[in-house]
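Here the protein sequences come in this chain order: A and B. Quick note on numbering: the first sequence equals residues 0 to 339 in numbering that gives the first Met the number 0. Quick note on numbering: the second sequence equals residues 0 to 278 in numbering that gives the first Met the number 0.
Check the hints yourself; a few may be wrong.
[Said to hold, decoys possible] Here are a few chain A residues that sit away from chain B, every Cβ distance over 12 Å (derived from the structure): (1) K181; (2) N186; (3) N236.
[Said to hold, decoys possible] Here are the simulated EDC-like cross-link-like pairs (lysine to aspartate or glutamate), alpha carbons at most 20 Å apart as the crow flies: (4) A:K212 <-> B:D256; (5) A:K20 <-> A:D173; (6) B:K8 <-> A:E104; (7) B:K272 <-> A:D218; (8) B:K8 <-> A:E75; (9) B:K82 <-> A:E250; (10) B:K257 <-> A:E104; (11) B:K257 <-> A:E105; (12) A:K306 <-> B:D262; (13) B:K14 <-> A:E76; (14) B:K85 <-> A:E250; (15) A:K73 <-> B:E38; (16) B:K218 <-> A:E282.
I should point out that these hints are in silico values taken from the structure, not numbers from a laboratory. Note that this is a predicted model, so its numbers are computed, not measured. From the three backbone atoms N, C-alpha and C, an ideal C-beta is built for every residue, glycine too.
The chain contents come next:
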Amino acid sequence: MKTFFLSDGDLDEFVTNLIAKSPVFAPVAKKTRFVFNQLESVEDLRLDYDTTILPPKKLFVPTKQDLVTFEHGKYEECLAPGKKILFGVHPYDIKAISMMDWIHEESNFDIYYHSNRKATTIIGSNVQNHYKKAFFGSVCKELKVMGHDMFLTKIADGYLVEVLTKKGDDLLPDGNFTDVSKEQIKNAADVNTKADENCPSKLKNTSLEIKHKIRMYYDSDVWKKKSENCFSCGSCNIVCPTCYCFDIQDEWALEPTSGKRYRRWDACLTCEFSEVSVQGGSENFREERAERFRHRIMRKTSFLNDKLGGPACVGCGRCSGTCTADIADPVSIINEIMEK
Amino acid sequence: MSCSSNHDKNIFLPKNAIIRKASQMTAFETHFTLKMEDESEFIYEPGQIVEAGLFGYGEIPLGLSSSPTQQGSFELVVREVGKVSKALCALKAGDTMTIRGPLGKGFPVSEFVGQDVLIVAGGIGLCPTRSMIRYIMDRRDEFKDFKLLFGARSPDELLFEDDLAYWRCSSDVNYLETVDKPNDRWKGNIGVITTLFEGIDHLDPATRVIICGPPIMYKFVIAQLAKYNISEHHIFVDLERRMKCGVGKCGHCQINDKYVCMDGPVFRYSDIKDLEEAI
Ligand code: SF4
Ligand code: SF4
Ligand code: FES
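For reference, chain B alone in the conformation it holds in the complex (with noise of 0.2 Å):
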C-alpha cells in the first residue's frame, strides 16, 4: 500500500484549455488542437488519458493523440457518440474546454526502445495509438524496424489522412493499411484488419506489439501475432472503458480487481488475458 496522494489538490476539479485548432475529420470525429489556458507545457506519456469536459455537459476520457515530443500544445480526437461528445464536438477554435488529467498509464516507452515495433489499429483505435506513432517517428532512431497496421471501416472513415499521406510514403514506416468496404476511388487493400499480416512474412518474436481497435478486433490480431511466436508480455493493448472519474474511485471501469483509469488505459496481455471482462 502505498501513498503517495497529495492532500491539497482537488482530483474532481479540471484546468482550462483553449482550443487553438477544431478540424472535423470525418462525420463522425473532431480533431483538436489544445493548450492550457495557465499557459502551462501539458506534460504527458504516449498512451495516457485525459477527462475532457465542457461545464453543463460532463466529461469524458480520450486518449491523447500527440506525442509529448511536440511541445507547446496537446491533441485530442472527439467522436460524436453521446451527449458530452457532441457539446464538444460543436466547439470552435479560441473556445474553451477543461481538461483533467494526464490520467493513468501509458505505454511503457523503454521497453520498445532499442527493439522491433508492430501497432496495429483499427478505426478510432487510431487516435490513442497515434501518441505512441508519432513518438516513434520524431525519435526514429532509438527503434528498430517499425510496422503500423491500419483498418477502417471505409476510405471515409479514414482518419489523420495528413498522416496517411505522410506515412504511406515514408521510409520510416512500413504502413499498411486496409479498408473493409471500398468506395469507388480506393485502390488499396480490401479486407479486415487481420488480412494485412498476409504480407508479413517474419516478425522478430522480440517485436513489440501495441493493439488498439474495436473489441472484436483484439482476438484475431492476437491469434495472428501467435503464429509469429510473439510473447503475449510483448503484448500491449489499449482499452476503452466507460470512465466515469478517471482516478480510480467510481469503480465504473473496473474489471477484476484492476482499474483500467488506474492501472492502465494501456495493459500489457498477459497481465489481462484471463480477465475475462477485458477484452
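Just chain A, same shape as in the assembly (with noise of 0.2 Å):
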C-alpha cells in the first residue's frame, strides 16, 4: 500500500480529472438526503454525507438489469460494461460489496455483476457524519474493509491518501499527491477509529454470539410482536447494500417472438415472493408476515455467515431509517433478544 497526502485545494483538481476520464459516480445531494449519481461538476461532490438512499451496488446490479435479447430464435447475451469510478464509498459499503463480489462468484459465476464490478475503480472515503441509525462500528468486525482501490480520510486540510491497488495506481497522475508524515497517517487512522466508535446506534455482542442466540429464537413470538405493523413492503430489502435477491421476467419488444429478459431487484418481505407453484395452485411457504420478517432478520445474522465469513449485515442504518413502521431497526430486534 502506498500513501500520500492531497490537500484541499487539490481535490477538485483530481476530481475534475476523473470526470474527463470516466463517469464518476459519487454521493451528491437530493432534497435532505444523498444518492450516488454521476458527478457532472466537483462542486456537487458530498464527502460529508451521512449515508446515501441506495447503496452503490446498484452500479454493479441496476435495478433492472437486462440479462439476455431475443429475436425469432435467436439470443444474445447483454453485456456492455463501462469503465467508471465509484468515488466517495463509505467503509460499511465497501464491506458490503466485497460481500455482494464473493456471492456472484461462489459456485457460480456471475458474468453480469462481475463485468460491471471489474470495470469499475473504486475510491472509498471516511464517514464525517453519521446517519442517525448507523451502527457499523460494532456489527461485522470480523471482515476487513477491502476490494477498494484507493481511499480517502480527511485530516488537517486534507485528505490522507491510501493507494490499494493496480486501479488506484493508475489515477495517482491525475492528481497531486505528495508526502505524507507519520502523523498525518496516525491522524487519518484516528479519525477512523472515532467514526466507528462515534456510531448513535450500537450492538452490544459479537457476531458469533449474535448468530447462536438468535437461532435459538427461531420459535420464538418475538418476530410476531415485531413485525404487526410491517406493510410488507420490501425498503428494507431494497436499501440494503447485502441484500441481492432478484426476480427474472421477459419483456416483449412487439411480439412474443423479440425482446428482452431482465432480472430485478425483489424483496423477501414481500408476500409474493416465497410463493410456490405445486400441484393444483400455489402454496407460500412464509405466508406469515412475521416468518418472513424473521428470515430477512435472521439472514442478517445467521443463515449467511458461514458463507461470507460474518454477518451479511454492515451496519448501515439504511433499512431502519427507511421503514416507515419503524420496525426494521436490527440493532433493537439483535438487542432485545440478546437481553433476554
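Mind assembling these two chains? They're in different frames, but the hints should get you there.
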C-alpha cells in the first residue's frame, strides 16, 4: 500500500480530471438526503454525506438489468460494461461490496455482476457525518474493509490517500499527491477509529454470540410481536447493501418472439416472494409476515455467516431509516433478543 | 469456501433443445422427449433439475423424468399452471425449447446400490422420481428389493400409463398404487397413499427411501416409515420450491441457510427436518 497527502485545494483538480477520464459516480445531495449519482462537476460532490438512499450496489446490479435479448429464436447476452469510477464509498459499503463480490463469484460465476464490477474503480472515503441509525462500528468486525482501490480520509487541510491496487495506481497522475508525515497517517487512523466509536447506535455482542442466540429464538413469538405493523413493502430489502435477491422476467418488444429477459431487485419481505406453484395451485412457504420478518433478520445475522465469514449486515442503518413502520432496525431486534 | 466457478460461462444463457415427441398425458400434463440442438449428449443424474424455457415467456424449474441410463434423449413433464408452463405445453414435436442445466443435486445413487429401495410418489411427484425408478429398473441387479408406491387423486390423473402398465406386471418392482377418488372403471386401491403401507408387513430398517409429492404428504409418509424403524438418514425428499435462477443467486428458493437449487432439490431428511419452512 502506498500513502500520500492530497490537499483540500488539490481535491477539486483530482476529481475534475477523473470526470474528464470516465464517468464518476459519487454522493450528491438530493433534497435532504444523498444519492450516488453521476458527477457532473466537482461542486456537486458531497464527501460530508451521512449515507445514501440506495447503496452503490446499483452500479453493479442495476434495479433492472437486461440479461438476454431475443429475436425469432436467436438470442444474445447483454454485456456492455462501461469503465467507471465509484467515488466516496464509506467503509461499511465497501465491506458490503466485497460480500457481493463473493456471492456473485462462489459456485456459479455471475458474469453480469462481475463485468460491471471489474470495469469499476472504487475510491472509498471516511465517514465525516453519521447517519442517525448507523451502527457500523459494532457489527461485522470480522470482515476487513477491502476490495477497493483507493481510500481518502479527511484530516487537517486535506486527505490522507491510501492506494491499494493497480487500478488505484493508475489514477495517481490525475492528482497532485504529495508525501505524508507519520503524524498524518496516525491522525487518519484516529479519524476512522472515532467514526466507528461515534456511531449513534450499537450492538452489544459479537457476531458469533448473536448468530447462536438469534437462531435459538427461531420459534420465539418475538417475530410476531415485532412484525405486527409490517406493511410487507420490502423497502428494508431494497435499501440494503447486502440484499441481492432478484426476479427474472421476459419483456416483449412487439410480439412474443422478440424482446429481452431481464432481472430486477426483489424483496423477501413481500408476500409474493415465497410463493411456490405446486400441484393444482400455489403455496406460500413464508405466508406469515412474522416468518418473512424473521427470514430477513436471520439472513442478516446467521444464515449467510458461514458463506461470508461474517454477518450479512454492515450496520449502515438504511433499513431502519427507511421503514415507515419503524420496525426494521436490526439493532433494536438483536439487542432485545440478546438481553432476554 | 470452495470456488469452482467457471468465469467464461454465462450461467443465465440457456441452450436450445429440440422436441422429438410431445404427448399430452392428462388434462394438464404434457410429456416431452428432447434432444439438444447441437447434438451433444445431455449429461445428468437422477433427481437433477433443469430450467426449461421459452424466450418471451420465461423459465420454470423441472425435475428430469428420464434416467441417464437412456441415452440419446431426455424427458420432462410440464404441468400447465402458469404463463410459462402454458406456453411450453403448446409446443409440438419439432419445436424448440430452451434448457439450462442440469442443476442442483440429485439422488445419491451410490448410497442406494446394494440396498432395498422404497419410492413413494404422490401425483406429479412421480415425474422427478421416475428418473430414479427407471435408473433402478435399467440396472436392476445393482439393487435389492424394490418397492414403489404411487398415489393419484383420480384415475384420470395417472401419469405415464405405459410405465404403470409395465410396473404392474413386472417382477422387478413391487408396485402398489391407489387413488383418492375412483371412477367406475377403477378396480384398484382407494384411499390416500399412506393406506398402501397396510400391505407392507416388513421393511428392512436399512431401506433407502425417496419421497416426492404434495407438501401435505411428507409428514404422513415419514410417520409411517418410523414404524419400520427406518433411519431419517436414509430418507430422501425431493422438494419443489419456486426457483428462479436455479444457480444459487436469486434467493427465491432459500429455506433458512439452504438453497433448494444448489443444496437440493433432493435432501436427506435428517438434514432438513428441523427447517420449519422446508416441509
Ligand atoms: S419491516 Fe418496514 S420496511 Fe421492511 S417490509 Fe416491513 S414495513 Fe416495509
Ligand atoms: S440490514 Fe439494514 S443496517 Fe444492515 S446492512 Fe442492510 S440496510 Fe444496512
Ligand atoms: S433459484 Fe435462485 S437461488 Fe435458488
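Here is how each hint holds up against the structure:
Under the 12 Å C-beta cut-off, the non-interface status given to A:K181 relative to chain B holds; the minimum distance is some 37 Å. The claim that A:N186 lies off the interface holds: its Cβ sits roughly 36 Å from the closest Cβ of chain B, which is beyond the 12 Å cut-off. Some Cβ of chain B comes within 12 Å of the Cβ of A:N236; the nearest lies about 10 Å off, and the non-interface call is violated. Restraint check for A:K212 and B:D256: the C-alpha separation of about 16 Å stays at or below 20 Å, so the hint holds.
Proposed proximity of A:K20 and A:D173 is supported: the alpha carbons are some 9 Å apart, at most 20 Å. Under the criterion of a C-alpha separation no larger than 20 Å, the hint pairing B:K8 with A:E104 is consistent with the structure, at around 12 Å. Distance hint between B:K272 and A:D218 is fulfilled; the C-alpha atoms sit about 15 Å from each other, no more than 20 Å. A distance of roughly 13 Å separates the Cα atoms of B:K8 and A:E75; the hinted pair therefore holds under the 20 Å criterion.
This hinted pair checks out: B:K82 and A:E250 have alpha carbons roughly 13 Å apart, not beyond 20 Å. Restraint check for B:K257 and A:E104: the C-alpha separation of about 18 Å stays at or below 20 Å, so the hint holds. Distance restraint check for B:K257 and A:E105: the Cα-Cα separation of roughly 15 Å lies within the 20 Å cut-off, and the hinted pair is therefore satisfied. At roughly 13 Å between alpha-carbon atoms, A:K306 and B:D262 fall within 20 Å of each other, so this suggested pair holds.
For the hint pairing B:K14 with A:E76, the CA-to-CA distance comes to about 12 Å; that is within 20 Å, so the pair holds. Under the criterion of a C-alpha separation no larger than 20 Å, the hint pairing B:K85 with A:E250 is consistent with the structure, at around 17 Å. Note on A:K73 and B:E38: the hinted pairing holds, with a Cα-Cα distance of about 18 Å set against a maximum of 20 Å. Proposed proximity of B:K218 and A:E282 is supported: the alpha carbons are some 16 Å apart, at most 20 Å.
The structure shown violates just one earlier hint, number 3.
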